[in-house]
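S.K.: Sequence:
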Amino acid sequence: MTERWALAPTEHGGAAIAPLGPDGRPTAPVTHEPDLAEAVRSRPEATRWVWRDTHSVHPRLLAAGVRVDRCYDIEAAETLLLAHEGRHGEPRSAAAALARLRGGPVPPDPPPRTAAPGSQSSLFEPRPPVDVSLADLLDVYADQQRRHATTAHPDRLRLLTASESAGMLVAAEMHAAGLPWRADVHRALLTELLGERYAGGGEPRRLAELADEVSAAFGRRVRPDLPADVVKAFAQAGIKLTSTRRWEIEGIDHPAVKPLIAYKKLYRIYTAHGWSWLQDWVRDGRFRPEYLPGGTVSGRWTTNGGGALQIPKVVRRAVIADPGWRLVVADAAQMEPRVLAAISRDPAFMEVAGQDGDLYQSVSDRAFSGDRGQAKLAVLGAIYGQTSGDGLKNLALLRRRFPRAVAYVDEAARAGEEGRLVRTWLGRTCPPAVNAADQEEAGIPQDDPDDPASGPPSTYGYTSSNSRARGRFTRNFVVQGSAADWALLMLAALRRELDGMAAELVFFQHDEVIVHCPRDEADRVAEAIRSASDLAGRLTFGRTPVRFPFAVASVECYADAK
DNA sequence: GCCAGAGGCGCC
DNA sequence: AAAGGGCGCCTCTGGC
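Its first residue numbered 1, the first sequence is counted upward by one per residue in UniProt numbering.
The set of hints was computed from the structure by calculation and includes no laboratory data.
Hints should not be assumed to be uniformly reliable.
[As the list claims (entries may be wrong)] Ranges of calculated distance between the beta carbons of each label pair, as one might list FRET restraints:
(1) GLY13 with TYR198: 47 to 57 Å
(2) ARG543 with LEU101: 48 to 58 Å
(3) LEU101 with ALA551: 41 to 51 Å
(4) GLU38 with ARG372: 52 to 62 Å
(5) ARG414 with SER133: 41 to 51 Å
(6) GLU411 with VAL297: 36 to 46 Å
[Unchecked claim] In the DSSO-like style, the derived pairs of lysine-lysine whose C-alpha atoms are separated by at most 30 Å in a straight line are:
(7) LYS562 with LYS265
(8) LYS376 with LYS313
(9) LYS232 with LYS258
No residue lacks a Cβ here, since even glycine has one placed at the ideal position from N, Cα and C.
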């Protein structure tokens, strides 16, 4: 039985609390406790805590060693509800929600905090702690309950709100735990790849050598990190480029190409994950990024500083379990096509996605006479909105064999082009279209209406190219976002599965989790991941034959997981 | 000196 | 084979 309590921090580390009845209203007067963590610790019967925002409460509980089972994050809920109501840009703070409820002036949201590099403390800097009283907070909560109930699928949106709240708990816990990071291994790797640094500063040896090779190949001094310089050098060699992107340079027959590409790859590691990154972000053997659940419109998480979701594969060699411990690395195999099967309920596609094996191989056996590469391209093209090339031809094949799956994303694309909103399976809602006049005002250049390449004029007030771009966005949104719905439930389920074990969730990246655990817990953790996946599939999509298998590896080093 | 935007590339 | 979706973050540039 869920017993709900509401909590609001007060000055000097205290808290106002109240027990809630089944209707979400307090069943006893608000009481004041001198110690927030103790107030929670002494009420193990409370299985869900309702509070303004997880960020300003949970780190204090973690620091005091207090675990909460579940929470309801009012500001996360407000964000989801506003988007669902088509009011994506409105302020989402509890104070703003209260002002809308009472008809007062709505305060703008505070500017987003920027994480101090490597800080342990950014999570502990509370916003103005008590800008809304507990009684007022509970009025906002009651109103949110009402708004959930008025949606087309209240159960789904409630589930999403609960999961988003659970994600907030996980985010704070992963920040506190940190990803095991061996600075000594990272340094050795940097020296191996980039060479020694010179005492006077500047680029490390290997980068300087590659820059010299590029210059030698052109017969003049060229700075490989300056695109304009590279384009000019190629032009002088008789080769016209529109950019210096790798895919454009790769095919060119010129001696500068090889060292240039090598330079770009190493330069990236040097600037984004090199010595200064290490200095800024790794403390006491842990990398602690600040995770922002729902940081993107589709519901995927972002991180604030440290580039935690873009760790280059080669750098993962520095992610090493503590002695006697393991990293259980689990990757959801072909998550997005499986999600498309579940949300479209295409019978043939569900059958393919109902097996744990290689989905692309099954698709190709059915529609592409065994050419797995073509099948994968077609499926990804359908999800991403391929507009040209072989993908289109393959898309036609896919449509014949899996008509409902393709129709589902086509409809999402049409909705986007027509300026309508689309939603994920659980109800996360895309932002509204921005009309052409507003874009012009914001400095976004518009198509030339006289340009035949920009197509016929649209009837929706958007240039056709903008409209098509929004179609690609909404097409992808329903799949990527529903996959994020599922991943969020999986994460919440896994958090509960791990309760009582020494194992800790230490990383989450869209369709992949890492759990750090004692060696003899690794098998139980792998089993917990499978249970969490099954439960998430059932809870998110109801009865469905679609399976969401994980590739699970128990390793000492992250780089060995694949 | 600050800031926004562009170019580029890492991850999914 | 072509360059579709979502992000964060780095450098450099050019305007103020």
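S.K.: Between LYS232 and LYS258, is the straight-line Cα distance small enough, at 30 Å or below?
M.R.: holds, 18 Å
S.K.: Given the hinted pair LYS376 and LYS313, is their Cα-Cα distance within 30 Å?
M.R.: Satisfied, since the Cα-Cα distance of roughly 22 Å is no more than 30 Å.
S.K.: Straight-line Cα separation of LYS562 and LYS265 no greater than 30 Å?
M.R.: holds, 21 Å
S.K.: Using the Cβ atoms, figure out if GLU411 sits within 36 to 46 Å of VAL297.
M.R.: The hinted range 36 to 46 Å is violated for GLU411 and VAL297, with Cβ atoms some 19 Å apart.
S.K.: Does the beta carbon distance between GLU38 and ARG372 stay inside 52 to 62 Å, or does it fall outside?
M.R.: holds, 58 Å
S.K.: Given the hint of 48 to 58 Å, check if ARG543 and LEU101 actually sit that far apart at their C-beta atoms.
M.R.: violated, 38 Å
S.K.: Honestly, do LEU101 and ALA551 meet the 41 to 51 Å range at C-beta?
M.R.: holds, 47 Å
S.K.: Against the range 41 to 51 Å, how does the distance between the Cβ atoms of ARG414 and SER133 compare: consistent or not?
M.R.: Once the Cβ atoms are compared, 46 Å apart, the range 41 to 51 Å for SER133 and ARG414 holds.
S.K.: Check the following: the C-beta atoms of GLY13 and TYR198 are separated by a distance inside 47 to 57 Å.
M.R.: The hinted range 47 to 57 Å holds for GLY13 and TYR198, with Cβ atoms some 50 Å apart.
Hints 2, 6, counting from the list given before, are not met by this structure.
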